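Our numbering numbers the first residue of the sequence shown as 3 and each following residue consecutively.
One or more hints might be untrue.
Unchecked claim - With beta-carbon atoms standing in for the labels, derived distance ranges: (1) ALA71 with LEU99: 27 to 37 Å; (2) LEU135 with GLN83: 28 to 38 Å; (3) GLU33 with TYR60: 28 to 38 Å; (4) HIS15 with LEU99: 16 to 26 Å; (5) THR29 with VAL50: 48 to 58 Å; (6) ASN107 with GLU26: 48 to 58 Å.
Keep in mind the hints are simulated off the structure, nothing from the lab.
The model shown is predicted, which means the values in this text are computed figures rather than measured ones.
Beta carbons are placed, not taken as given, at the ideal position from N, Cα and C, and that holds for glycine.
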Amino acid sequence: AAHVTYLSEQALHRKFGRSLQDREAVTYGFEADFQVESYLRHQGITFVDRFDANSYLYITRAMDYFDLAADFEGSLATAFQGTETRFCVVSFTSDWLFPTSESRNIVRALNAFTAKVSFVEIETDKGHDAFLLDEPEFFDTLRGFL
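Can you make the complete structure from the sequences, with help from the hints?
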C-alpha cells in the first residue's frame, strides 16, 4: 500500500488507467483483474524480498519520532541558527510523502537565520519518485547548486 504514495495519481492513471491484466473481462474475484493491481502486488512482493520487516518498522518509527525542533523549544528556525551550510530544498508538486507546504516551512525556518538557502518547486506528476526519474529541471537545479 505504501508504494502508491511514491507515485502520483496522474502517473498511476497514465501508466495503467483501467487496463485489464491478461484478460478481456473482469472476473469479480480476488485475483488481479487490473494491471495496476498486478503491478502493486509485484512491488509488494519485491519489497518483502528486499527488506526485513523489522528494519522497516524501526526506520518508519524513527521517522515518526524525529523532530529537529524539539530540542530548540519547538522552533525549527532556532535549530538552524548559526549553520554555515548551504541548503537546496527541492519540492515536487505531486509528492505526497514530502509535500511542498512542508518544504516551504523548512525554507522559512532556514531564511530566519541564514540567506544560504535555495528553493525550487518542480511541477511534475511523477510523485515522490520524481527525483529518481528523468526530471531535467531537477538535474539542472542539482548541477547548478553543486
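Right, here's what the structure says about each hint:
1. ALA71 with LEU99: 27 to 37 Å: Hint violated: Cβ distance 19 Å, outside 27 to 37 Å.
2. LEU135 with GLN83: 28 to 38 Å: The hint (28 to 38 Å, Cβ to Cβ) holds, given that LEU135 and GLN83 are roughly 36 Å apart.
3. GLU33 with TYR60: 28 to 38 Å: Because 34 Å falls inside the window, the suggested range holds.
4. HIS15 with LEU99: 16 to 26 Å: 19 Å, holds
5. THR29 with VAL50: 48 to 58 Å: Violated: the Cβ-Cβ distance is about 25 Å, outside 48 to 58 Å.
6. ASN107 with GLU26: 48 to 58 Å: 49 Å, holds
When the structure is compared with the earlier hints, violations turn up for hints 1, 5 and for no others.
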